[in-house]
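> Residue numbers for the sequence shown follow my numbering, beginning at 1 and rising by one.
To be clear, the hints were calculated from the coordinates, so they are not data collected in a lab. A quick note: this is a predicted structure, and the numbers were derived from the prediction, not measured. Backbone N, C-alpha and C fix where the C-beta goes; we use that ideal spot for every residue, glycine too. Worth double-checking, as some hints may not be accurate.
The following label-pair restraints were derived from C-beta to C-beta distances [said to hold, decoys possible]:
1. F120 / V13: 55 to 61 Å
2. H122 / L29: 41 to 47 Å
3. G80 / R114: 43 to 49 Å
4. L29 / V84: 22 to 28 Å
5. I26 / M123: 41 to 47 Å
6. R114 / G34: 18 to 24 Å
7. V84 / A20: 15 to 21 Å
8. I36 / I72: 34 to 40 Å
9. Y83 / I36: 30 to 36 Å
10. L116 / I78: 44 to 50 Å
11. T50 / T22: 36 to 42 Å
12. S101 / M123: 28 to 34 Å
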Amino acid sequence: MNNTLVNPNRNGVMYETLPAATILLIENLIGAFGNISIVWATLRNNKLQTTCNWLIALNAIADGGTQLSNYISTYFLISGINYVDLWTCWHLQFIPYMFFSSTMIITILVGNDRLLTVLFPHM
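Model the full assembly from the supplied sequences, consistent with the hints where possible.
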């Protein structure tokens, strides 16, 4: 029986996914540039050094950490590694997951800061 899903001449590389992996990698590099720009602008401009802007800069750093998981996935797609044991996967994804969790918390804090600024503008 000819199994078209497994081809021993491909060394595990899924060539069909390479265009999508390349696009994802380019988007991540653009996103990393944007996140670095946000942090840089916050550090350099005194007018941007408010609580909300510091939270947004912190969120940009956390987003950059979250993007690490996409680099890991792209590496596995390009390298042809089709299986990773659970222990290795946990170690590779733990840091990006912590950054992802922190982005949700920081987003809530930015929302609360903006809400308090609107409700109590003179404080």
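> It remains to establish, for every hint, whether it holds in the given structure.
Consistency of the hints with the structure:
Our hint of 55 to 61 Å for F120 and V13 holds, since their Cβ atoms are close to 57 Å apart. For H122 paired with L29, a C-beta distance near 43 Å keeps the hint of 41 to 47 Å intact. For G80 paired with R114, a C-beta distance near 46 Å keeps the hint of 43 to 49 Å intact. Between L29 and V84, the C-beta spacing of about 24 Å keeps the proposed range 22 to 28 Å intact.
Checking the proposed 41 to 47 Å range against I26 and M123 shows it holds: the Cβ atoms sit about 44 Å from each other. For the hinted restraint 18 to 24 Å between R114 and G34, the CB-CB distance of approximately 21 Å keeps it satisfied. The supplied range of 15 to 21 Å is met by V84 and A20, whose beta-carbon atoms lie about 19 Å from each other. Between I36 and I72 the beta carbon distance is about 20 Å. The supplied range of 34 to 40 Å is therefore violated.
With their beta carbons about 34 Å apart, Y83 and I36 fall inside the hinted range of 30 to 36 Å. Checked against the hint of 44 to 50 Å, the pair L116 and I78 passes, with Cβ atoms roughly 46 Å apart. Hint check: T50 to T22, Cβ distance near 39 Å, so the stated range 36 to 42 Å holds. At about 30 Å, the beta-carbon gap between S101 and M123 stays in the expected band of 28 to 34 Å.
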